[in-house]
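Novice: Below, each chain spelled out in residue letters.
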Amino acid sequence: MTDADNSPGPHGPRTSTDPEPPGTPRHKTTAELQRTLESAGSAVARAAAVDLAQGVGRAAFIFATTVAAALVLAAPLTIAAGSDPLTAYTALYEGSLGGQRPVAETLVSMTPLLFGGLAVAVAFQAGLFNIGVEGQLVAGGIAAGVVGIKMTTWAPVHVILALLAGAAAGALWALVPAALKAWRGVHEVITTIMMNFVAFSVSQFLVKPGGALEGEIPTGTEPVQATAELPRIWEPTRLHLGIVVAVIVAGACWYFIYRTPGGYRFRLVGANPVAARFNGISSSRVIVEAMMLSGALGGLTGAVEVLGTHRRFLDSFSPGYGFDSIAVALLGALHPVGVAAASFFFGLLRAGSTQLQLEAGITRDMITVISGLVVACVAARLLLSRRAARSRGGAD
Amino acid sequence: MRGITKRYPGVVANDAVDFTVESASIHGLLGENGAGKSTLMKVLFGLTAPSAGTVEIAGRPVVVNSARDALDLGIGMVQQHFSLIGDFTVAENLVLGREPLRRGGLLDLERAAADISELSDRYGFRIDPGSRVGGLAVGARQRVEILKALYRGAEVLILDEPTAALAPTEVAELAALLRRLRDQGRTVVFISHKLSEVIDLCDRVTVLRGGRVEGHREIGSAERDDPDRHGALAAELARMMVGHELPEPPARVGGPVSRGVPALRLEAAGDGHRLGPIDVEVGAGEIVGVAGVEGNGQTELVELVVGVRRCRRGSVKLGGADVTRWSVRRRINAGVAHVAEDRHGAAVADGLDLAHNATLGFQGRPPFSWRGLWLSLVQMRRLARGLVNRFGVQTVAVTDPLRSLSGGNQQKLVVGRELSRGPELFVAAQPTRGLDVAAAAFVHSELAALRRRGAGVLLVSLELTEILALADRIVVMSGGRVAGETTPAQVDVTTLGRWMTGAGQTAGAATAEAAA
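Just so you know, the sequences run in chain order V and X. Letter 215 of the first sequence, counting from 1, is numbered 214 in numbering that gives the first Met the number 0, and no numbers are missing. Letter 442 of the second sequence, counting from 1, is numbered 441 in numbering that gives the first Met the number 0, and no numbers are missing.
FYI, nobody ran anything at the bench for these hints, they're computed from the structure. Check the hints yourself; a few may be wrong.
Claimed, not checked - Restraint ranges, calculated between C-beta atoms of paired labels, are given here:
| no. | chain 1 | residue 1 | chain 2 | residue 2 | range |
| --- | --- | --- | --- | --- | --- |
| 1 | V | 183 | X | 133 | 17 to 25 Å |
| 2 | X | 133 | V | 237 | 54 to 62 Å |
| 3 | X | 399 | V | 184 | 28 to 36 Å |
| 4 | X | 421 | V | 200 | 50 to 58 Å |
| 5 | X | 324 | V | 211 | 29 to 37 Å |
Stated by the list, open to error - From chain X, some residues computed to sit far from chain V (all C-beta separations above 12 Å):
| no. | residue |
| --- | --- |
| 6 | 51 |
| 7 | 82 |
| 8 | 85 |
Backbone N, C-alpha and C fix where the C-beta goes; we use that ideal spot for every residue, glycine too.
Using the sequences and the hints given, assemble the complete structure.
Specialist: Structure representation (structure tokens):
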């Protein structure tokens, strides 16, 4: 046994908790096996740390290679756009990391992308493709906005209730596709896209002149009350507490997916729904749970934008965060740590795009091109690793 | 075909097989699963190269390196699984890969349809080239497959278990069609393990067993029409298929089967479709072997017991408790363990690592979890390492994805996992499939240990030797029902063969004659 990760090396001392000390007869009875299983382990923290390090290492490697490939592939396009790679990438850097305001703007853009990326990743782990984050964040944004405007209560309670309202609205928005998938077998890609359009229309209906949430500006509501605002944390920039919430939620997602039986059920249904069924796991239930959790994260995306960045609900406040989230989740290899890194990268692109336009004279659309290249590189990598897996499989 | 030998690593699938088919005849190829029928036909059709031996057509040695070669030589094969595209019409399916073109490179479907109609009428296929394949019944789809082979110029047709998915009337229709083909000079190789069909249809039959030719028999009208001779031939063929020597049942260790509350009891249970009504009882401390030809309801039986298939008729009882309406989860908690027949599909998730797969079904309870809020990877890996050591699973680390293991090693892990549940009822469907001899013997000894401990074991196997070696009682399934029941001590191979092959049911065969 050369189990590398948490058992002592071949020459190291074996701990007393190892199930099979040397000299144990191989053929023990089932009862003895069960007894050994029941005795408690001692290396919990070490194992968790090793696992986390492995997860980070893998995600970081994938992230770095994919991003590098996309930036290299984009270089000739900067020349085609009438500039050169050096100017373009310098401008991108200046606009995203070159000072307090650029860094803050990067983090402001990263926040919704992190929530949205987690939403997509959680669903993906259970084998579901949630393309409806854009709709869910609109639903979440409306709910958070309504609670923020109409309710009156103390500051921390108010903002927490508004966030929870956003999560609940997102989850409910995802419940429709979830139920249709779980009990009617309707593909979630179709239904989540449809729900997006419903959300956009509801949003327009509410904020249009004469609509229920009409405000003093044409496409937005009244501002939320000060008690419902997510506080700014790095004056004088727009950076708000949402980024902290997002990182905490990412940690919670990691814990849930990899360290709870519930997350294991998600991954199992994603990996093999039939095996899940034979082991007493209801895939219908997991589908509903995963989709609603994904929707709640989508709803939080919108709630945080409304309460932190805009301080009011605006129709079309999202420049496609929900759709970029798909690329974020894929680039992050569906691992919360990877998703965090990927959302930072996409946040950086968004923040740097203005500078890119001003300094290098390259249209902001270049950012969309780079995003597209990232997705293409991810797809190519998946294709390659699948082919590698197949050739390995053929060997045995 | 002369002296065909095909070796796979560790197994000789065909051992110096001589197989001669006369033209314009229907030749049956009989044998149990794993007897080497499919391998022999794959050699003939060019899907695999023989390790030794030659293939001759009309006395001339030929080399068949691919299915294309085989088609050029006039050999067509209809696989068990159809290769038709449901959204295409019959004509579109048939021309696929060799589309007739008119000038300008346009597809000439009219001409193809006319050709197909002519072919269909000549042999009485009753197939409309314009109908959509997806809308056809299974029997009709099979006729389309045969038509496809003929359209591509096949003189010799190989049909691999063509009746497996057909209803009795469709079988009769197929038989009539094959006779017409023979009468017009085509040659048919009919692979089956259903004795009565072979006797009713074929002119000659070759029996394979364990990769060798067990014997040939001519079948004349006397055997078909005279019930006594029909029965005698069926018995003889059954003996040839199953073999003469049966292993001695091993000495029983441990106490007699408890006559108390049975571990499992099915009362007139059925899924309202392909299974049942069926009565099966597994006593505490008893191994009940379920024998039968693949596809006769064993899969459905296992699913019904495990709880994946809904029991629509009758009842299922575990240790006296009526579990007919219980979920899979509740049944697992009540002590049901299950080694799935389709490991890849139902027992493992090969993208997850060994530790996760070892814990599958345990994940929600201690010591692997604390109130559903914490999943202990340490405990999961400890279980996996325990199983790896105890069952000799060849692996580098328990954090490797399961797909990095060979099939046999995956199976060892699955069997180990299910044993470690400490089951009251162990449902083992093909538990030794893909295992080497030593590992299979180990699994057998574990099943015997379960029996000693007082657990009930339902052992579904296609290998009679396995059942004869282990079971206290043998239940033979045919057509979704229990065809007969016996014990290894009293087993009579002829009867067993008849039960397995449904030779007792000659009603279907009579219909076939009438339709012809």
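Novice: Hint by hint, say whether it matches the structure.
Specialist: A quick look at each hint next to the structure:
| no. | hint | result |
| --- | --- | --- |
| 1 | 183/V <-> 133/X: 17 to 25 Å | holds (21 Å) |
| 2 | 133/X <-> 237/V: 54 to 62 Å | holds (57 Å) |
| 3 | 399/X <-> 184/V: 28 to 36 Å | holds (34 Å) |
| 4 | 421/X <-> 200/V: 50 to 58 Å | holds (57 Å) |
| 5 | 324/X <-> 211/V: 29 to 37 Å | violated (48 Å) |
| 6 | 51 | holds (25 Å) |
| 7 | 82 | holds (21 Å) |
| 8 | 85 | holds (18 Å) |
Hint 5 from the earlier list is the only one contradicted by this structure; the remaining hints agree with it.
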